[in-house]
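Q: If you're matching them up, the sequences are chains R and U in order.
Its first residue numbered 2, the first sequence is counted upward by one per residue in this note's numbering.
Its first residue numbered 2, the second sequence is counted upward by one per residue in this note's numbering.
Heads up, a few of these hints could be off.
[Stated by the list, open to error] Heads up, simulated EDC-like pairs for lysine to aspartate or glutamate below, C-alpha to C-alpha not over 20 Å straight-line:
1. Lys-11(R) / Glu-81(R)
2. Lys-41(R) / Asp-16(R)
3. Lys-62(R) / Asp-36(U)
4. Lys-41(R) / Glu-74(U)
5. Lys-62(U) / Glu-79(R)
6. Lys-41(U) / Asp-52(R)
7. Lys-41(R) / Glu-58(U)
8. Lys-41(R) / Asp-48(U)
9. Lys-41(U) / Glu-61(R)
10. Lys-41(U) / Asp-16(R)
11. Lys-3(R) / Asp-16(U)
12. Lys-3(R) / Glu-81(U)
13. Lys-3(U) / Asp-75(R)
14. Lys-41(R) / Asp-52(U)
15. Lys-20(R) / Glu-27(U)
16. Lys-5(R) / Glu-66(U)
17. Lys-5(R) / Glu-58(U)
18. Lys-5(U) / Asp-48(R)
19. Lys-20(R) / Asp-16(U)
20. Lys-5(U) / Glu-44(R)
21. Lys-11(R) / Glu-27(R)
22. Lys-3(R) / Asp-75(U)
23. Lys-5(U) / Asp-16(R)
24. Lys-41(U) / Asp-48(R)
25. Lys-3(U) / Glu-61(R)
26. Lys-62(R) / Glu-27(U)
Don't read these hints as lab results, they were simulated from the structure.
Protein chains: 2
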Amino acid sequence: MKAKVYVNLKSGVLDPQGKAIQHSVELLGFSGISDVRQGKYFEISLDGSMDNQRALESVEKMAREVLSNPIIEDYRVEIET
Amino acid sequence: MKAKVYVNLKSGVLDPQGKAIQHSVELLGFSGISDVRQGKYFEISLDGSMDNQRALESVEKMAREVLSNPIIEDYRVEIET
């Protein structure tokens, strides 16, 4: 079983890294881009010791408490069986 | 229109950052985790000047040439209208 956690900055929070990427890709000739925001992505492999529901709860807790900063970041969890 | 780009290390490539995260979450009491791998996630907002097909091509090119290192990383592109 695999869990995927996506962490990105909340919409009101400034993202200088994203702005730098946007500036770079524009310099490199890519056009039509109005915004770039960078986030993080975690792939967590779980051994089969938990059922789907418990795995989701455990990974949600991990995303909230360890992988993201809930003051400035949102997270999303997906479980793949 | 929004594009999402997910970049992660290829499966054979060592991921010390992921290993460090795995070790930390285990110390914090989370169990049942067999592997953690960290990747990157980009949200790219596009102005409406391109149709879906052109947007996908442009973002695929960007992912391949700028946002990922194709020697050690894989990428995945999603377009949301």
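Q: Next, verify each hint and record whether it holds.
A: Each hint tested on the structure:
no.	hint	in the structure
1	Lys-11(R) / Glu-81(R)	25 Å, violated
2	Lys-41(R) / Asp-16(R)	13 Å, holds
3	Lys-62(R) / Asp-36(U)	17 Å, holds
4	Lys-41(R) / Glu-74(U)	15 Å, holds
5	Lys-62(U) / Glu-79(R)	27 Å, violated
6	Lys-41(U) / Asp-52(R)	28 Å, violated
7	Lys-41(R) / Glu-58(U)	23 Å, violated
8	Lys-41(R) / Asp-48(U)	24 Å, violated
9	Lys-41(U) / Glu-61(R)	19 Å, holds
10	Lys-41(U) / Asp-16(R)	14 Å, holds
11	Lys-3(R) / Asp-16(U)	17 Å, holds
12	Lys-3(R) / Glu-81(U)	24 Å, violated
13	Lys-3(U) / Asp-75(R)	17 Å, holds
14	Lys-41(R) / Asp-52(U)	28 Å, violated
15	Lys-20(R) / Glu-27(U)	35 Å, violated
16	Lys-5(R) / Glu-66(U)	25 Å, violated
17	Lys-5(R) / Glu-58(U)	25 Å, violated
18	Lys-5(U) / Asp-48(R)	29 Å, violated
19	Lys-20(R) / Asp-16(U)	27 Å, violated
20	Lys-5(U) / Glu-44(R)	16 Å, holds
21	Lys-11(R) / Glu-27(R)	24 Å, violated
22	Lys-3(R) / Asp-75(U)	17 Å, holds
23	Lys-5(U) / Asp-16(R)	16 Å, holds
24	Lys-41(U) / Asp-48(R)	24 Å, violated
25	Lys-3(U) / Glu-61(R)	25 Å, violated
26	Lys-62(R) / Glu-27(U)	13 Å, holds
The structure shown violates the earlier hints numbered 1, 5, 6, 7, 8, 12, 14, 15, 16, 17, 18, 19, 21, 24 and 25.
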